[in-house]
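Participant: Got two chains here, separate frames each, mind docking them using the hints?
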Amino acid sequence: ELKVEQNPLFLSMQEGKNYTIYCNYSTTSDRLYWYRQDPGKSLESLFVLLSNGAVKQEGRLMASLDTKARLSTLHITAAVHDLSATYFCAVDPRHGAGNMLTFGGGTRLMVKP
Amino acid sequence: EAGVAQSPRYKIIEKRQSVAFWCNPISGHATLYWYQQILGQGPKLLIQFQNNGVVDDSQLPKDRFSAERLKGVDSTLKIQPAKLEDSAVYLCASSPRTSGSYEQYFGPGTRLTVT
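From first to last, the protein sequence lines are chains A and B.
Once you know that position 7 of the first sequence is 7 in our numbering, the rest is easy, because the numbers rise by one and skip nothing.
When you read off a place in the second sequence, starting at 1, and then add 1000, the result is the number in our numbering.
Just chain B, same shape as in the assembly (with noise of 0.2 Å):
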């Protein structure tokens, strides 16, 4: 079985600047996930889709950070414009179901720097 897909795997860009992820889940997976990883700390939910429908963004920065996830397989996070603080790592994960199954399978990550 595949695992969560992400790209690309770094990226370095200025201030102002906007810069795009993307994530492709596991297959089947009904629920995806984005959180951002700051060095040092632990991942901060960022958003959470069921199908292509938002379950919860309420710690995503709405100013700068949007999220779709049209079809409700892939997802891109979008950033614009970056600030210096939003350098870190984007993991991406997916589950199976919203509630009752309990694990969350993690991508590899876009490690992003804002300089």
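Looking at chain A on its own, in the form it has when it is part of the complex (with noise of 0.2 Å):
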């Protein structure tokens, strides 16, 4: 059974400040996910990583996936309020099966001022 665990689990951040999310999987997968979602409010798509070695960057985050060590990272730099929600990774195991998401716990992130 495909195992997805995210830490920390909760992260209170300053205004400023650098932190990384940790995303590790149990199995072997080059299809990983980054979801970000506020509070009563739905899935958003921010970063598909298809690779291993990938990286992608949009504004405050980078995302980046290591397929030999089943680790993703999602890095937060100079974090703003506008940040503060929580965020899940989802690994997808089943190559040319269709897109079988198995989702992490999330991180829940608080960026305060």
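Source of the hints: derived by calculation from the structure; they are not laboratory data.
Just so it is clear, CB atoms sit at the ideal spot from N, CA and C, and this is done for glycine as well.
Some clues are possibly wrong.
What the hints assert, rightly or not - To give a feel for the contact side, a few chain B residues facing chain A, derived at Cβ under 7 Å:
| id | residue |
| --- | --- |
| 1 | Y1010 |
| 2 | P1043 |
| 3 | G1053 |
| 4 | D1057 |
| 5 | P1108 |
To be verified - Pairs of lysine to aspartate or glutamate, DMTMM-like flavour, derived with a Cα cap of 20 Å:
| id | chain 1 | residue 1 | chain 2 | residue 2 |
| --- | --- | --- | --- | --- |
| 6 | A | K3 | A | D82 |
| 7 | B | K1044 | A | E5 |
| 8 | B | K1071 | B | D1086 |
| 9 | A | K68 | A | E5 |
| 10 | B | K1044 | A | D38 |
| 11 | B | K1044 | A | E44 |
| 12 | A | K41 | B | E1014 |
| 13 | A | K68 | A | E1 |
| 14 | A | K3 | B | D1057 |
| 15 | B | K1083 | B | E1103 |
| 16 | B | K1078 | B | D1057 |
| 17 | B | K1011 | B | D1057 |
| 18 | A | K3 | B | E1014 |
| 19 | A | K56 | B | E1103 |
| 20 | B | K1044 | A | E15 |
| 21 | B | K1011 | B | E1103 |
| 22 | B | K1044 | B | E1103 |
Stated by the list, open to error - Computed spacing ranges between beta-carbons, pair by pair:
| id | chain 1 | residue 1 | chain 2 | residue 2 | range |
| --- | --- | --- | --- | --- | --- |
| 23 | A | A78 | B | T1076 | 43 to 53 Å |
| 24 | B | E1068 | A | P113 | 33 to 43 Å |
| 25 | A | M110 | B | N1051 | 23 to 33 Å |
| 26 | B | V1073 | A | H81 | 38 to 48 Å |
Facilitator: Below is the structure:
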């Protein structure tokens, strides 16, 4: 059974600081996704990582994938309050069989002024 | 482009009652998914459709949950009878095809409370 673990589960940080969220998974996969969820809202796609060494950046967020270590990171640079949300990683292990995502438990990020 | 539509947005029922949720995916998206998200957890996949056929329903509690996508477009998820532990947000998502396309687009969800 595929397990996807995120840490930390909760992160409180000051504006302007940097931090990294980690996503570990238990089986071979080269497809990993990051989503953002605001309270009471649905999931918004942030990044799709499709190969070992993939790196994508959007604004203050940068995601990377190391398939050999079965690890993805979401790095936050100079955090601002608007980044406060819950972030989920999701893994699709079934190559070619259709996007069967297994989600991590989420990291709740709170950015304080 | 219109997003994934779901209704109702909220539903409160008593245990042992039945309930149905509706989803209309993004136009042209062949693949449709239903997820259950319990408060404080990540979404859990319940069932995946490709057009009007089921690709995977291994995590669907079939004794009480059922889902259909008769014409390969919109879909209905039903719970009968509901239990307290079914309280969750039910998310519908769609993607253009089963493999190769790498994004799922999520609807706003239906928040179910079972009392």
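Participant: A separate judgement is required for each hint: does it hold in the structure or not?
Facilitator: The hints, checked one at a time:
no.: 1; hint: Y1010; in the structure: 11 Å, violated
no.: 2; hint: P1043; in the structure: 5 Å, holds
no.: 3; hint: G1053; in the structure: 11 Å, violated
no.: 4; hint: D1057; in the structure: 11 Å, violated
no.: 5; hint: P1108; in the structure: 5 Å, holds
no.: 6; hint: A/K3 x A/D82; in the structure: 30 Å, violated
no.: 7; hint: B/K1044 x A/E5; in the structure: 14 Å, holds
no.: 8; hint: B/K1071 x B/D1086; in the structure: 27 Å, violated
no.: 9; hint: A/K68 x A/E5; in the structure: 16 Å, holds
no.: 10; hint: B/K1044 x A/D38; in the structure: 18 Å, holds
no.: 11; hint: B/K1044 x A/E44; in the structure: 16 Å, holds
no.: 12; hint: A/K41 x B/E1014; in the structure: 24 Å, violated
no.: 13; hint: A/K68 x A/E1; in the structure: 18 Å, holds
no.: 14; hint: A/K3 x B/D1057; in the structure: 18 Å, holds
no.: 15; hint: B/K1083 x B/E1103; in the structure: 32 Å, violated
no.: 16; hint: B/K1078 x B/D1057; in the structure: 14 Å, holds
no.: 17; hint: B/K1011 x B/D1057; in the structure: 24 Å, violated
no.: 18; hint: A/K3 x B/E1014; in the structure: 33 Å, violated
no.: 19; hint: A/K56 x B/E1103; in the structure: 15 Å, holds
no.: 20; hint: B/K1044 x A/E15; in the structure: 32 Å, violated
no.: 21; hint: B/K1011 x B/E1103; in the structure: 28 Å, violated
no.: 22; hint: B/K1044 x B/E1103; in the structure: 16 Å, holds
no.: 23; hint: A/A78 x B/T1076: 43 to 53 Å; in the structure: 45 Å, holds
no.: 24; hint: B/E1068 x A/P113: 33 to 43 Å; in the structure: 49 Å, violated
no.: 25; hint: A/M110 x B/N1051: 23 to 33 Å; in the structure: 42 Å, violated
no.: 26; hint: B/V1073 x A/H81: 38 to 48 Å; in the structure: 40 Å, holds
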